[in-house]
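> What follows is the residue order along each chain.
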Amino acid sequence: EAAVTQSPRSKVAVTGGKVTLSCHQTNNHDYMYWYRQDTGHGLRLIHYSYVADSTEKGDIPDGYKASRPSQENFSLILELASLSQTAVYFCASSDRPGYNYAEQFFGPGTRLTVL
Amino acid sequence: DAKTTQPDSMESTEGETVHLPCSHATISGNEYIYWYRQVPLQGPEYVTHGLQQNTTNSMAFLAIASDRKSSTLILTHVSLRDAAVYHCILRVGRNYGNEKITFGAGTKLTIKP
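Protein chains in written order, with the numbering used here: chain P, 42 to 156; chain R, 3 to 115.
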C-alpha cells in the first residue's frame, strides 16, 4: 500500500526561528505536494514538485521554501517562522496527473505551533 | 481557478443513504471532479473521481450533472465510520507543471447511531 510519512508529527517553534518539515514517500511517485490546513478550513497548496531537484509554487508560497533532493523526499522550510504559520501541514504524493486521474496519498500531518 | 461550493454540514443515521452536493458552476472542460474525505487528525483520503460520466466504486457513487456544473456524492448504507469532512475538488492537470488544486472547506457529515 502507498505510504507517505511525515516528521515531526508535531512541533512548537518560536517566532523568527527556522523550521523544517520532512516528508518521505515509498510510492515511487513523481509528484509531491505540501498543503496547510487551518482549523475549520480546507487544504491550501503551498509548493509542489514533479521531479527531484525542482519545485514549483502553489497558491500560497510566500514565507515558505521547498526542497526535493530525491524522488522520495520533499521538505518544507520556514526560514523565519511567524505566528500566522501555525497550522497543520500535510504532505502528499501522486503519479503524474493529466489525462488520467492521479489519486493523491496523504501523510498523517504535522501540527506546527509558532509562539 | 474554478471553485466549488458545498454545504457546511449534513447529518444522517446509520444505514441510510446520504447525498452530498457540490456546485462547480465555472468548471472548465479539462477539470476532473474529485472527492476526498478527512477524519480528525488524519490526512485526506481519496474517495472517487469523474469527468463527465457517473462513476461508482466500493466507497461511493458519483453522479455528475449533464452540464457538469454540479455533482453529488452518494453514500449508501452509511456507518459511523463514514463520519468525516467530505471535500469536493477540481483538478487542473497539465503535462508537467502548473498543477493546481483548489480545496474548499468541505461538508462535515455527522452520522447518528
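Worth flagging that the hints you see were computed from the coordinates, not collected in a lab.
All values reported here derive from a predicted model rather than from experimental measurement.
Keep in mind that the hints are not guaranteed to be accurate.
Straight-line Cα separation of at most 25 Å, SDA-like style, residue types lysine to any residue; simulated pairs [as the list claims (entries may be wrong)]: (1) P/59 x P/137; (2) P/59 x P/69; (3) P/98 x R/61; (4) R/114 x P/81; (5) R/5 x P/137; (6) R/5 x P/101; (7) R/110 x P/144.
Here chain P is said to cover these stretches of chain R; the calculated rule only asks that three of the stretch's residues, wherever they fall, bring their Cβ under 8 Å from a Cβ of chain P [as the list claims (entries may be wrong)]: (8) 15-27; (9) 72-78.
Note that beta-carbon positions come from the ideal geometry of N, C-alpha and C, so glycine has one too.
> Hint check: residue 59 of chain P vs residue 137 of chain P, CA-CA at most 25 Å. Holds or violated?
Cα-Cα ~31 Å, so violated.
> CA of residue 5 of chain R to CA of residue 137 of chain P, is that 25 Å or under?
Between residue 5 of chain R and residue 137 of chain P the Cα gap is close to 22 Å, so the pair holds against 25 Å.
> Do the alpha carbons of residue 59 of chain P and residue 69 of chain P lie within 25 Å of each other, as the hint requires?
29 Å, violated
> Checking C-beta pairs, does the stretch 15-27 of chain R have three or more residues closer than 8 Å to chain P?
Since three or more residues must qualify, the claim that chain P covers the stretch 15-27 of chain R is violated, with 0 doing so at under 8 Å.
> Does residue 144 of chain P sit within 25 Å of residue 110 of chain R, going by the straight-line distance between their CA atoms?
Holds, because 22 Å separates the two Cα atoms, which is no more than 25 Å.
> Does residue 98 of chain P pair with residue 61 of chain R here, judged by a C-alpha cut-off of 25 Å?
33 Å, violated
> Does the alpha-carbon distance linking residue 114 of chain R and residue 81 of chain P stay inside the 25 Å limit?
Holds. Residue 114 of chain R to residue 81 of chain P sits at ~21 Å (cutoff 25 Å).
> Given the proposed pairing of residue 5 of chain R with residue 101 of chain P, does the C-alpha separation stay at or below 25 Å?
Measuring from Cα to Cα gives roughly 16 Å; hence the hint holds.
> With a Cβ-Cβ cutoff of 8 Å, does the stretch 72-78 of chain R contain at least three residues near chain P?
That given contact is violated, which follows from only 0 residues of the stretch 72-78 of chain R lying within Cβ reach (below 8 Å) of chain P.
Of the numbered hints given earlier, the model fails hints 1, 2, 3, 8, 9; all others are met.
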